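Participant: These are the residues of each chain, in order.
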Amino acid sequence: MPGAPLASAGQRLPTGRWLPSFQAGELTVAAGVCLCAIAVADDAAVRGSSWSSILFWVALVGMFAVFAFRLLGNRVSRREQVYLVVLLGVALYLVKVLRSPEGFTFTDEFMQMRTAIDILRTGHLFGFNPLLPISAQYPGMQLATIGLMEVSGLGLFPAGLAVIGVGHLLAIVCLFLIFERVTGSPRLAALASLAYMANPHYLYWDSQFSYESFALPLELAALLLAVEFTSAKDQTVRSGLRSGTTGLSWLLAAGLVFIAAVPSHHVSVYIFLGLLSGWWLISWVLRRLWKRPTLGGTWALPAVGAVAGLVWLRWVAPDTPHYLGSQLGNAVASVLRVLTGGLASRHLFVSGGVVAPLWQRLAGLGSAVLLVVTLPFGLVMAWRRHRRNALMFTLAIAAVVYPATLLLHLAPQGVETGDRAVEFVFLGLAPVVALVFGWLARDGRLGILRRSLMAGALSGVFVGGAVLGWTFYLQLPVPPSAPGVPAVTNPQALAAANWMLAHLGPHQVVATDGTDALLVGSVGQQNPLTSAAGPVPAWPILIYSQLGQLGDFTLQRGHVKFIEVNQRLTKGLPQGANFFGQGAPTQTRVLPQAALSKFAKLSFLSRIYDSGNIQIYEVTRAVP
Amino acid sequence: MRFRRYNWLDPGVGLLAVVCALVAIGPVSDPLRLPGGILLALVFPGLEAGRAVVPDQVGLARRLVISLALGLAIDVLGGVLLNFTPAGLTTSSWAGLLAILAVLASATAWWRHRRRARPDLPTITGPSRQMTLAAIGASLMALAVAAAVVGGRAPAGPGYAQLWTIPSSSSSAIVADIGVHSLEPTTDHFSVVVRTSSRTVTRYAFELAPGRTWTRRLDLPQTRARIEVLLYRGSVSHPYRELWLELPG
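Line order of the protein sequences matches chains A and B. Add 83 to the 1-based position in the first sequence for the working numbering, that's all there is to it. Add 288 to the 1-based position in the second sequence for the working numbering, that's all there is to it.
In case anyone wonders, no lab produced these hints; they're calculated from the structure. As the structure is a prediction and not an experimental result, all values here were calculated from the model. Heads up, a few of these hints could be off.
Unchecked claim - Example chain A residues on the side facing chain B (calculated, C-beta under 7 Å, incomplete):
hint, residue
1, E233
2, G236
3, V340
4, R672
No residue lacks a Cβ here, since even glycine has one placed at the ideal position from N, Cα and C.
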């Protein structure tokens, strides 16, 4: 193996006599049992059972806790550590698969689906995606999925699951190997991998069919391959032997993989470019201070990535600066207004006017507090043990950003930016936290109570992250007939989208609410009027009791051909600020029935479809 | 050059990639298409590219990373390349590209491996208690997923029926296609009534089983009018579904 020899690498250690010999086999069975329990809980949740949530969380925490307990032990071979970390990563991916086993159900998944469907239909890239226009300019994930579909005959959903699953597997192996190089210990690498799995996005967000979930594993792989390159270089320097071709081979592979990440996602590529550049810069500074830092960064990879990124930005994805700029600008402005008292801070753990259960609030806060408290100790340990290690230095700086991402959650429009940053910040935070846990568990004959407490603490961080990462009432599947909010899993809405494609053909302009627009735009292949892509948003047509001048203007300016209304809009409050997306007024009251029944009185509309909850109107004449 | 023990691997993978590509462009119903396609898209090009770029023994975990990462990278960059060809992204172009890349990579890997040690292959020891337990655990995981997928998730629910009418006009006539699709839990008796503001034009009565569709084509008057299409279910006098067409005349 190239690079520095790793402590206990490849070693097989006997199991301690003073503990039950729970090893990889037993833990695989435990993971299987827990996943079966989660499958039962998800099924019960769809049927509206009240105990489903308890079963789900007990099984999920139980699975994480037994793995943490085993990996905290000192007498675990490296092979078993790698196996357990990978197994847990795969099992957590399957939790998402079990939540939506029949099709994509997450908002971003529908948006990405539209890009894939357009590529399949036309055989070419860069079409128009009305749900998320920028997605069409970053089709990397869709290409991998479509490649698999074309040669295997798989459908879009199973092929998407397979591609994201492969990415998930790739990411967790990369994380373990990166952390192993950084800390020099497979045990600390295993603990750091567990800490990374506690990031709020790991359970659901990074498992969904979305371009970031696909690009992140590629970027982690590029980072690992760069680490292997620099590690091989360190080895050459230490041994005094001439460098072979292997070092450059690693770099070549890293460059190729990073270039493939560029057409896959925007912001994660820029963040990794920053990380790689920072790593190189810190190595340069450390070389001045200590002559010979270990794991020094290379300029070549960020240079290749920057060139590829600029080429893609200039010739393929010119909308990226505007898209990212508006999101970042809103977040910064929102934070500044909260800090200056111009805007009330956001209520934490509240969504759609509903407050999360007490235990979830406590777990979320407790997890964040534990990480913030652990951080300074971990930083001191990183300084003492690894200050000549340029990569650890870089990751420790990334870890310092963690408290700032928590503050972003207080600003109404900063929460998304804060959320999006966590999987990158945890790349630094995880090894720093692992140093502390590794130190606390340093005793070779760690008592069962102490080990249980530490496994409990790690599991607490994991649960806190999981509840922070996903709206609490969507953590389990929602019954299709749940009162109030429209759900994308609603069979009637799905049937209407399928009907539109079959009877109206694709690419009709449709005015509808935000949730139904996801189905209409993906499954139905229509062009829903959205604030993201249309000349005007659809909400003025749907929100008022009378169409009015604004509604008339929207119908004409948007060239609306069909209007789809969902009666469930009048039966509850929205999960977010409103049912209609960005720019629409905040809804504090339930939508009046008149807002939807007004269409029956308009002589230029024909009602052409009715399934009870869903009606579709056609604009048959010019608006008078 | 002396033929070494593991030199079969790269040419063998290259050959298999070509076979998988031929299966992929062959009949859709070929049972080998699914496993062959998965190997061709996710395994062979990445494995061989990884062995070509990094020929040394690097351990199983690192070999897995190189193979998977390069495999996905080839899919992405290959797809971008195909987009700019006249063929575009089709089954044949994908199969051809992936097979060519796999063969080129396997040839390079074979050349670079000709004097090297054995590849990073997992060491399989005989069955043990741990391996048996791991197999049981993996089966339980597969069972959980299979039960969720095969068992179906959506509960029966109250059921519903879709009613639609789509007008179309030619130079000689205006017609409307009327359809009813039942997703009720049981077979139901339905009737469709078509009427103008002053009179009932026609009435259809029929039974529909769950999942079945009823359709009719209807001639419409070429004058300005409002045509109502009402669906009744069972003996209930109130319309179950209600549509109308505003005819411009």
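Participant: None of the hints should be skipped; say for each whether it holds.
Facilitator: Each hint tested on the structure:
| no. | hint | in the structure |
| --- | --- | --- |
| 1 | E233 | 4 Å, holds |
| 2 | G236 | 5 Å, holds |
| 3 | V340 | 5 Å, holds |
| 4 | R672 | 27 Å, violated |
In terms of the numbered hints stated before, the structure departs from hint 4 and from no other.
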